[in-house]
Amino acid sequence: MSVLIYIDQADGHIKKASYEVLSYGAKIAEQLGTTAEGVLLGKVQDDLAGLGKYGVKKIHQVTNDNLAHLDGQVYAKVIAQVAEKTGAKVIVFSNNVDGKAIAPRLSAKLKAGLVTGAMALPDTSNGFSVKKTVFSGKAFANVAINSDIKIIALNPNAFQVTEGAGTAEVAAFDAAVDAPKVKVTATNKVSGEVPLSEAEVVVSGGRGMKGPENWGQLEELAYLLGAALACSRPVADAHWRPHHEHVGQTGLAIAPNLYIAIGISGAIQHLAGVNRSKVIVVINKDPEAPFFKAADYGIVGDAFEVLPKMIAAVKKLKGA
Amino acid sequence: MKILVCVSKTPDTTAKIAFSDNNTKFAQDGVQWIINPYDEWYALVRALELKEKDSSITLHLVTVGAADAEPIIRKALALGGDEAIRVNSDNHDSFYIASQIAEVAKQGAYDLVFTGKETIDYNGSSIGGLVAELLDLPYVALATKFDLNGTTATITREIEGGEEINEVQLPLVVSCQKGMAEARIPNMRGIMAARTKPLKVVEPVAVDNLTSIVGFELPPAKSGVKLLPADQAEELVRLLHDEAKAI
Ligand SMILES: Cc1cc2nc3c(=O)[nH]c(=O)nc-3n(C[C@H](O)[C@H](O)[C@H](O)COP(=O)(O)OP(=O)(O)OC[C@H]3O[C@@H](n4cnc5c(N)ncnc54)[C@H](O)[C@@H]3O)c2cc1C
Ligand SMILES: Nc1ncnc2c1ncn2[C@@H]1O[C@H](COP(=O)(O)O)[C@@H](O)[C@H]1O
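Heads up: the protein sequence lines correspond to chains A and B, in order.
Under numbering that gives the first Met the number 0, read the first sequence as residues 0 to 319, first letter to last.
Under numbering that gives the first Met the number 0, read the second sequence as residues 0 to 246, first letter to last.
In isolation and in its complexed conformation, chain B is listed as follows (with noise of 0.2 angstroms):
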């Protein structure tokens, strides 16, 4: 049994947002960088259960990313996992990470595709389902709970007003989001034993990218907050009523 989580490199949740070369790039001085929260704290976290659970299962973990997404990668081995891949590339769009992903789960032959609910950068929310497209393989996205009983998946995914239960054969790709594991923190074992286990570097296969970046924009200041003391509470809900028009 052998499972795949894809993990990916994100700016830190607190990271200033701002732009440079004419709002084309996201400026990174200064940028603290992490492993993607839905990879780490519920993808990741989750096939470390199932491995701790199962011993016999083999545990990888792939980025598409430059030299410059080593130390997380590095990080997240840290957690767990036997060895990690990283494909040689710089950013490009969704489609061409997910067809990379989709390359090395194919030379891989692995039964299980975890990736998180989507990037905090890029909220794409959408490699999972590419990947499981090109995979031609079944996909629960938004994943709340996930157990395996042989190779038969249960899944709890996440509906509008609710959830709903999944039953499905492996091989499967899946997204995962909150709810699937509680977060844990590296111990030193295993950031020393991260150091010493394989991290293979892959050439990316020729895809053409069918998305690009014009630019970014920040969204318009609030034209500042209109305070009430203590006791205004019902001219609060007047303005709310009269004024914004929401109530």
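Next up, chain A with everything else stripped away, as it sits in the complex (with noise of 0.2 angstroms):
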């Protein structure tokens, strides 16, 4: 019996989220009294046996050319063999999009129910249940497993990274891997800025920002706090930022630590995408703005007045 925890990873590097999936990973392992082992395909630059300091014992890793490239049935079907060879009862992914792609394929594979969206740790008191976000982040549900071998897709920013000490043992696993069947012609990465969905901060715009030529200076307290950007649906809609940065319910839902909404009324549907956001900052000139009813601090006032003292404060503040 073990908790099997999956290792995501991307050009050689080790996602953040899976850091947050190991720690949750042992925490569910020493709860059942049992060992945490994590499971990585391919390749990667970083220091595995290292991850043994958040909890793992065992790192089972697979390395074939055929693992190149995500592709959930190939993926799935080498998991699954991991998980049978280490007895794995209970089988950790992060509810990121490698999770997605994943972790129902898995679940359907082994007849293991599935709980994706989870927010904290199982309650094994009584079961085993999993509260996880439904409702677009307005509600919870406690959600019982009653499979034999159960799955969890934590969502990401969901659980505080523990480190202690201890090293892993890092052992190849000779896996059957198939073909892929998806082949991949394209990567397309926005280079350099820090990705919407990882980001600690995010600068996020509405159509109080009045036109794209305003967002210089969203730009700016994005950079100085090494945050991501942005926006409202009508800010993407309106072709004023790039659809990737559109968030809510339509868009991207997101849980950074701070998020600072410029110019953003706060509809429901917008709320839905960054309600799970741990310090919601309003700035915006309508005091009845529905946002202030969701936000932690606020300013009543115009943007354009507002922004350039920020501004010159975070400069202050970080001396440059």
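Just so you know, these hints were derived from the structure itself, not from any lab.
Treat the numbers as computed from the prediction; the structure is a model and nothing was measured.
Misleading hints may appear alongside valid ones.
Subject to a maximum C-alpha distance of 35 angstroms in a straight line, what follows is the list of computed DSBU-like cross-link-like pairs (lysine-lysine) [what the hints assert, rightly or not]: (1) Lys188(A) / Lys144(B); (2) Lys76(A) / Lys144(B); (3) Lys308(A) / Lys221(B).
Using the supplied hints, reconstruct the complex from the two chains, each of which is provided in its own coordinate frame.
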């Protein structure tokens, strides 16, 4: 019996979300009185044994040319082999783009109940239930997993990374790997920017910013804070900003430590994508803007007056 | 060439979220039901666009739900599509729903199955992957663009910090999100036509649920906003640094 954690990587580096699932999976193993093991597909430049400090005892690494790109069908089959060999009873993924492609497949393959969007450690006092976000973050559901093997996909930024001491044993795992059916012909990454889904701080603008020519100030603030940029849906629809920056019900759902909303009214569909942010700051000239009800800090004022002052203050703080 | 689009019924995006029966049920009073936005705007509309380009395409819609899902599937038919199938079943878990869809897909020998990225109520984002595995087909999740050339699909999918272009042979399952198509509204002709389109009701196959909802809870209310006047931007930055420790 073990808890098996899927370690996600991109371009030879372990993703931040993987540290969260490692910490989370190790805690579950502790809860169940068993050991946490990891599974990694492909090669990475990072130090794998060092992942032991997150509580994982052993890492099964499968290397094969067929694993160069994600094909959920191929990946799930490999992970199933590792799960069987290690007698995994709980399998943990991040509920990120890769987790969404693989975890459901593994669930069907192993007839293992799946809870995606997990927010907390499972409650094992009476059965096994996991708290997950529902209604686009407006509520939580406690979902019992009744199958023998259980799969959890943990929401990014939902669990605190915990570091201790220890090294993990890294072992090559010899798996049968099918040829992928999904061919990757191109990868386009927005270089240099912080990916919105992984950002700790997000600076977001709405229709109150009046036009794309005014985004320079938001870009400067974001740059100073090491933040990613986001926007409301009308802003993306009007092509003031690229579509991948659109957050909300129909855009990306994010959960940064800090979300700064400038000139956004706070419509319920917008809140659905950002309400899991830890701290929300709203700058809006209308004191009645609904966003203030969801905010921790707010400034009632004109963005074009507030922004330069904020930028100056951040510069002073950062000593720039 | 046959396409199956999975359509689910969800509460309107502005619906009040409240629970009844000791927090075990979603309180449905006064709730408006809509087609899950991802299913309508992206999966269905993209399938319609493909059909408009190639009239040999047959387009079917499927929903797993009780009789109260029929207005929703009719509304979807008003946008377009040839026929709808309702698997007659009350709410069940994702594995159960996916098993029903997989059965319909097998029976109909579809070349392409579209789902939405996620339901806006359960937020599972898992039906597509479950269906694909049950059918042993490739699956591309979170697609933002989809094009067909014969039996080769070219798909753009979201990855962290960018996108990836995939090429896959049909048959295939795809989950759809923003970018796939522009939203459209049904016109009068579509609404009239939908009334006479076939809506088949089939009984579910026996499947065990792997999960069950124990109860719901609402997030704790925010303790209230700390409001500052317009000239206090510097104080805000200080609070974010010293008090919230967020920067
Ligand atoms: C099914 C559905 C799904 C949707 N999905 C999404 C989604 O995913 N994401 C999303 O964002 N929206 C979504 N919407 C749209 C949503 O309902 C709102 O229309 C939208 O969020 C409003 O965007 P906004 O706040 O930028 O613009 P507005 O509502 O126009 O608000 C602009 C705000 O800026 C303020 N303002 C104006 N000038 C200034 C100034 N000089 N300084 C400071 N403040 C100023 C105003 O007081 C106002 O509050 C969806 C709608 C539907 C029906
Ligand atoms: N009851 C259902 N009937 C038909 N399709 C569904 C149903 N539930 C979910 N789907 C489809 O699966 C997608 C993902 O749902 P979910 O995994 O629940 O987030 C939805 O966008 C729909 O396309």
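Each hint tested on the structure:
| no. | hint | result |
| --- | --- | --- |
| 1 | Lys188(A) / Lys144(B) | holds (16 angstroms) |
| 2 | Lys76(A) / Lys144(B) | holds (27 angstroms) |
| 3 | Lys308(A) / Lys221(B) | holds (27 angstroms) |
Consistency with the previously given hints is maintained throughout, with no hint failing.
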